[in-house]
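> Sequence:
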Amino acid sequence: MWKRLITVIGIITLVGCSKGETMAKHPPVTACGDSPNCVSTADTREKFQLAPLYIANDNVVFSAIVAHIAAMPRAEVATSQDNYAHLRFTTKVLRFVDDVEVSLEGNQIALRSASRIGYYDFGANRQRAEVIRQRLTDAELITP
7 MWKRLITVIG IITLVGCSKG ETMAKHPPVT ACGDSPNCVS TADTREKFQL
57 APLYIANDNV VFSAIVAHIA AMPRAEVATS QDNYAHLRFT TKVLRFVDDV
107 EVSLEGNQIA LRSASRIGYY DFGANRQRAE VIRQRLTDAE LITP
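With our numbering as the guide, the letters of the sequence shown map in order to residues 7 to 150.
Honestly, the hints are just simulated from the structure, not real lab data.
Since this is a predicted model, take the numbers as computed values, not measurements.
Ideal placement from N, C-alpha and C gives every residue a C-beta, glycine not left out.
Honestly, I wouldn't trust all of these hints.
[What the hints assert, rightly or not] What follows is a set of in silico ranges between Cβ atoms, one per label pair, in the way DEER data are often shown:
1) Thr50 with Ala84: 25 to 31 angstroms
2) Asp40 with Asn65: 17 to 23 angstroms
3) Thr85 with Gln55: 30 to 36 angstroms
4) Thr97 with Asp64: 35 to 41 angstroms
5) Asn65 with Phe102: 20 to 26 angstroms
6) Thr50 with Glu136: 14 to 20 angstroms
7) Arg101 with Glu146: 21 to 27 angstroms
8) Phe102 with Tyr60: 18 to 24 angstroms
9) Val103 with Asn63: 32 to 38 angstroms
10) Ser69 with Val103: 30 to 36 angstroms
11) Gln133 with Tyr60: 19 to 25 angstroms
12) Ala145 with Thr97: 32 to 38 angstroms
13) Gly39 with Asn63: 32 to 38 angstroms
14) Tyr60 with Ile123: 31 to 37 angstroms
Construct the entire structure; sequences and hints are all you get.
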């Protein structure tokens, strides 16, 4: 009995002394894999790379950025917390689901658009990313 009590107290003490949460509050927007159905501002390879997006001014609120993207056809917000959002886009005809991740990192918006299924997307993710860029530019949330 005493052995068990001492073990439990030891575990509680060790857990209580831990540093706490060490993970980032949100996952970083990452580079693409090897299949050509993805584009990202975090990727340096030409066929996957998106030009950086910069916020227009310090008054830009991340929720406004997410709202403008979520207002696009067949888009829904899967997760939105702090300065990170994961949105799902459903293709019109075959109803495939594509993922868009966006995060605000300083004055730069990181963006990644990728298909969940298949190998080639016929440029759909790049086109979506450019539509997002244009919508945010038109709303004066990012610089042209």
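> Now tell me, hint by hint, if it's right for this structure.
Now the hints, each set against the structure:
no. : hint                                   : result
1   : Thr50 with Ala84: 25 to 31 angstroms   : holds, 27 angstroms
2   : Asp40 with Asn65: 17 to 23 angstroms   : violated, 40 angstroms
3   : Thr85 with Gln55: 30 to 36 angstroms   : violated, 25 angstroms
4   : Thr97 with Asp64: 35 to 41 angstroms   : holds, 36 angstroms
5   : Asn65 with Phe102: 20 to 26 angstroms  : violated, 37 angstroms
6   : Thr50 with Glu136: 14 to 20 angstroms  : holds, 19 angstroms
7   : Arg101 with Glu146: 21 to 27 angstroms : violated, 34 angstroms
8   : Phe102 with Tyr60: 18 to 24 angstroms  : violated, 31 angstroms
9   : Val103 with Asn63: 32 to 38 angstroms  : holds, 34 angstroms
10  : Ser69 with Val103: 30 to 36 angstroms  : violated, 23 angstroms
11  : Gln133 with Tyr60: 19 to 25 angstroms  : holds, 21 angstroms
12  : Ala145 with Thr97: 32 to 38 angstroms  : violated, 24 angstroms
13  : Gly39 with Asn63: 32 to 38 angstroms   : holds, 35 angstroms
14  : Tyr60 with Ile123: 31 to 37 angstroms  : holds, 32 angstroms
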